[in-house]
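K.L.:
Below, each chain spelled out in residue letters.
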Amino acid sequence: GQSLEQPSEVTAVEGAIVQINCTYQTSGFYGLSWYQQHDGGAPTFLSYNALDGLEETGRFSSFLSRSDSYGYLLLQELQMKDSASYFCAVRDQAGTALIFGKGTTLSVSS
Amino acid sequence: EPEVTQTPSHQVTQMGQEVILRCVPISNHLYFYWYRQILGQKVEFLVSFYNNEISEKSEIFDDQFSVERPDGSNFTLKIRSTKLEDSAMYFCASNPRDSYNEQFFGPGTRLTVL
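Same order as they appear, the protein sequences are chains A and B. Note that my numbering has the first sequence beginning at 1, numbered continuously upward. Note that my numbering has the second sequence beginning at 1001, numbered continuously upward.
These are calculated hints, taken from the structure and not from any lab test. Ideal Cβ positions, reconstructed from N, Cα and C, are used throughout, including at glycine. Mixed in with the good hints, there may be bad ones.
Said to hold, decoys possible - Below, a list of computed lysine-lysine pairs in the DSS-like style, where the Cα atoms sit at most 30 Å apart:
1. A:LYS102 x A:LYS81
2. B:LYS1057 x A:LYS102
3. B:LYS1083 x A:LYS102
4. B:LYS1078 x A:LYS102
5. B:LYS1042 x B:LYS1083
6. B:LYS1042 x B:LYS1078
7. B:LYS1057 x B:LYS1042
8. A:LYS102 x B:LYS1042
9. B:LYS1083 x B:LYS1057
10. B:LYS1078 x B:LYS1057
11. B:LYS1042 x A:LYS81
Unchecked claim - Output of the computed footprint for chain A on chain B, the stretches with three or more beta carbons under 8 Å from beta carbons of chain A:
12. 1033 to 1047
13. 1053 to 1063
14. 1101 to 1114
Construct all of the structure, not just a fragment, from the sequences and the given hints.
P.N.:
Here is the structure:
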């Protein structure tokens, strides 16, 4: 089966940089995805890494190390609107379903 | 921008009743999913659907659940004989071919079983 571990909560101030880590155990690996979910909202795709290294999308970057079964989401120049839950996810080994971690709640204060 | 839509936004039902949750995936997408999220917990996969049939399902998706694509646009989740523990947010999602990691989620239906 698959399991993902990420911190439950992270706090930061506006303008800061925060890193949300994710370690995973999977039988087969098809990449690591990151989703954002605001309170009461739907998960929204942020980023995906299939290969080792850093993927940058504006203020958000995601990193993957397949040898360490580890990835992280880096959020720069934090804004209040970044307060949300962030989930790492892997694909189910058998098909296309996503298996999510328990999520990290990010609180950004002024 | 196209989006996944879901109805109703909130459904309240009595234990033992049947409910049908409706979704309209993005029109050119081929893969459809139902996920659920119990309040404060992680998003859990229920079932995936491709080419008019179930492609995979989780242990949660037992005989109480069924899915259907009754026409070219709607995708439904039926829960027979609802239980208190079925109370959750149910999300529909879809993706086009070969984009399995970037799934597009609908706004969800909050199901409350009393």
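K.L.:
So, for every hint listed, does it hold in this structure?
P.N.:
Here's how the hints hold up against the structure:
1. The hinted pair formed by LYS102 of chain A and LYS81 of chain A meets the criterion: a straight-line CA distance of about 21 Å does not exceed 30 Å.
2. Simply put, LYS1057 of chain B and LYS102 of chain A have alpha-carbon atoms about 20 Å apart, close enough for the 30 Å limit, and the pair holds.
3. About 24 Å separates the Cα atoms of LYS1083 of chain B and LYS102 of chain A, which keeps this hinted pair within 30 Å; it holds.
4. With a CA separation close to 26 Å, the supplied pair LYS1078 of chain B and LYS102 of chain A stays within the 30 Å bound.
5. Of the supplied pair hints, the one linking LYS1042 of chain B and LYS1083 of chain B holds, its CA atoms being roughly 20 Å apart against a limit of 30 Å.
6. Among the hinted pairs, LYS1042 of chain B with LYS1078 of chain B is consistent with the structure: their alpha-carbon atoms are about 22 Å apart, no more than 30 Å.
7. Among the hinted pairs, LYS1057 of chain B with LYS1042 of chain B is consistent with the structure: their alpha-carbon atoms are about 17 Å apart, no more than 30 Å.
8. The hinted pair formed by LYS102 of chain A and LYS1042 of chain B meets the criterion: a straight-line CA distance of about 5 Å does not exceed 30 Å.
9. Distance hint between LYS1083 of chain B and LYS1057 of chain B is fulfilled; the C-alpha atoms sit about 19 Å from each other, no more than 30 Å.
10. For the given pair, LYS1078 of chain B sits about 14 Å from LYS1057 of chain B by alpha-carbon distance, which is consistent with the 30 Å threshold.
11. Taking the CA atoms of LYS1042 of chain B and LYS81 of chain A, the gap is near 21 Å; set against the 30 Å cutoff, the hint holds.
12. As drawn, the segment 1033 to 1047 of chain B meets chain A at 7 residues by the rule of a beta-carbon pair under 8 Å; at three or more, the given contact holds.
13. Counting residues of the segment 1053 to 1063 of chain B whose C-beta sits closer than 8 Å to any C-beta of chain A gives 3, which meets the bar of three, so the coverage hint holds.
14. Given as covered by chain A, the segment 1101 to 1114 of chain B passes the check, having 8 residues with a CB less than 8 Å from a CB of that chain where 3 are the minimum.
The earlier numbered hints are all upheld by this structure, with none contradicted.
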